[in-house]
Amino acid sequence: MKNSERTGREGLTAYLFLSPWLAGILLLTIGPMLYSAYLAFTDYDLLSAPRWIGLGNFRRMFSADPRYLSSVRVTLVYVAVSVPLLLIVSMALALLLNKGIRFLSGYRALFYLPSLMGASVAIAVLWRQIFGGTGLVNQVLGLFGIKHGSWVGSPGTALWTIVTLNLWAFGATMIIFLAGLRQVPAELHEAAAVDGAGPIRRFFSVTLPLMTPLIFFNLLLDTIHAFQAFTGAFVVSRGTGGPTDSTLFYTLYLYQQGFAELKMGYASAMAWALVIVLAAFTGFLFLTARRWVYYGDER
Amino acid sequence: MTTLSISRPLFGRRRTRSPIVTGLVRHALLIAVLVVMLYPVVWMVAASFRPSAEVMNSLGLFSRNYTLDNYKHGWSAGQLNFSRYFLNSIAITALSIAGNLFSCSLTAYAFARLEFPFKRVLFGLLLATMLLPYHVTLVPQYILFNRLAWMNTYLPLVVPKWLGVEAFFIFLMVQFIRTLPRELDDAARIDGCGHWRTFSRIIMPLALPAIGTTALFTFINSWNDFLGPLLYLNRPELWTVSLGLNSFLDVTGESAYGSLFAMSTLALAPIVGFFLGAQKLLIEGVATTGLK
Chain A
1 MKNSERTGRE GLTAYLFLSP WLAGILLLTI GPMLYSAYLA FTDYDLLSAP RWIGLGNFRR
61 MFSADPRYLS SVRVTLVYVA VSVPLLLIVS MALALLLNKG IRFLSGYRAL FYLPSLMGAS
121 VAIAVLWRQI FGGTGLVNQV LGLFGIKHGS WVGSPGTALW TIVTLNLWAF GATMIIFLAG
181 LRQVPAELHE AAAVDGAGPI RRFFSVTLPL MTPLIFFNLL LDTIHAFQAF TGAFVVSRGT
241 GGPTDSTLFY TLYLYQQGFA ELKMGYASAM AWALVIVLAA FTGFLFLTAR RWVYYGDER
Chain B
1 MTTLSISRPL FGRRRTRSPI VTGLVRHALL IAVLVVMLYP VVWMVAASFR PSAEVMNSLG
61 LFSRNYTLDN YKHGWSAGQL NFSRYFLNSI AITALSIAGN LFSCSLTAYA FARLEFPFKR
121 VLFGLLLATM LLPYHVTLVP QYILFNRLAW MNTYLPLVVP KWLGVEAFFI FLMVQFIRTL
181 PRELDDAARI DGCGHWRTFS RIIMPLALPA IGTTALFTFI NSWNDFLGPL LYLNRPELWT
241 VSLGLNSFLD VTGESAYGSL FAMSTLALAP IVGFFLGAQK LLIEGVATTG LK
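Read top to bottom, the protein sequences are chains A and B. Position 90 of the first sequence, counted from 1, bears residue number 90 in our numbering, the numbering being contiguous throughout. Position 246 of the second sequence, counted from 1, bears residue number 246 in our numbering, the numbering being contiguous throughout.
Watch out, some of these pointers could steer you wrong.
As the list claims (entries may be wrong) - Straight-line Cα separation of at most 20 Å, SDA-like style, residue types lysine to any residue; simulated pairs: (1) B:LYS72 / B:SER255; (2) B:LYS119 / A:ARG9; (3) B:LYS119 / A:THR13; (4) A:LYS99 / B:GLY277; (5) A:LYS99 / A:LEU181; (6) A:LYS99 / B:ARG26.
No lab work stands behind these hints, which were simulated from the structure alone.
With the rest of the complex left out, here is chain A (with noise of 0.2 Å):
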């Protein structure tokens, strides 16, 4: 009686320490989510009152908006590439710093400093620059006798330089997989080279598997941030995605057309169908996990 008379109590002083986060998570998130989730389905246009059009909004993004298409595909594209060279750099750079190096504690940090300012604005402004007509590329390579034009300008390379964008904040990424490294017992290495086994052979078969958990946990949240680029493609193509489409993200089309052109329920729907492709990879992941993710206390 008396322990539950006090654990009663307890759940209150709980509840009054959550109060704050409880009315967050209800108002600021499951409230809109629900909200978004009825808008999907309605022509929204802040003005006059949503009007129901069922999957309206879902069949004008397949099947009458080119635009979208072009989004999906170019932040498909992005994703596709910057998440797999964001993990390989990261984890090369964290192999090599691995090794009770000199200077380490410096090397981390100046690697690191990149991604806290990858997101700016600043340094979105300074790349337009490098990657400009006149700008530091052009001008190296042009030591080198090679011309070029303007590399956010031109359709087929502006995805590119925001690829370089995401690459050079590799930092974070680099830190998780070298507090992993660090937990590679040395005496599985040392087994594996007394049998016989080279650098190459011994990473592969001791250190990967090893790091499989933080592979798998930098590929998701690597992947979910992709997802939502924004800012670096906002700023260098002044928030048209252009040229030509050609870096017209996800969100950025989704800002354009929710905020910019009112459709809210248009964006709603983009929202959610963005969820559904990011649940469907995270339980994808999560799915495959079983096969490629080794757990130290298995077996």
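We have chain A; now place chain B onto it with these hints.
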């Protein structure tokens, strides 16, 4: 060495490469990557001090005529001057940090230390919101704030922080508080502390590393935030540094890169400053929780 390499040929062969040479190769590689990565930023800072005629046509860092002109022009260019944008950014960032610390620490204490009905369900909900793309709430939140007449106020940017919308930080603090010994709570209880006092006098002072990490990452996220201010702040007198820079690019185009670089340098300075002051905390925060 030779006998060794006979008994373990592969191992022995690898070992013959001198550790000094591999060390040097390693350092050379790392430094090369760093130079390529950091050169553009260093170049930008250097260019911001060069006269505008020299800004664009030099790959190098040095000049004979350093000047502060770009800073003078940049500061008062655009629609309003940058003192306003900086004050706005500082206000929004400070209120966001206070908000996140308030809501996240209270929530984290409850999850880490208290027993209550539906705890598991709610914790699951917390974890789920970490993976949720914010776009799904972006449109309805915009409609909500619009209807509350919060447009062109700081409320849409700040209030969500006071209501613990950034679940990552709650998770970070829960993980940290769980590492603190329970005996501390019991001792405090025996000394007559209630939960509020245990929270504020015992746990919070010990959770300073987690609080510091949260404060720093909130600072960096708010300072860098672009979409939020872009949506909610339309009046130039409310603009943040990010919006100021963006509109500066709109107004001047490519013609005033000198001033643009000067203002970009100033916009990045607080981030670099905080980083230099607290890099250990930030890097450990990333390494242990995956904040990025």
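Hint-by-hint comparison with the structure:
no.	hint	in the structure
1	B:LYS72 / B:SER255	16 Å, holds
2	B:LYS119 / A:ARG9	15 Å, holds
3	B:LYS119 / A:THR13	13 Å, holds
4	A:LYS99 / B:GLY277	26 Å, violated
5	A:LYS99 / A:LEU181	9 Å, holds
6	A:LYS99 / B:ARG26	10 Å, holds
Comparing the model with each earlier hint shows a violation of hint 4 alone; every other hint is respected.
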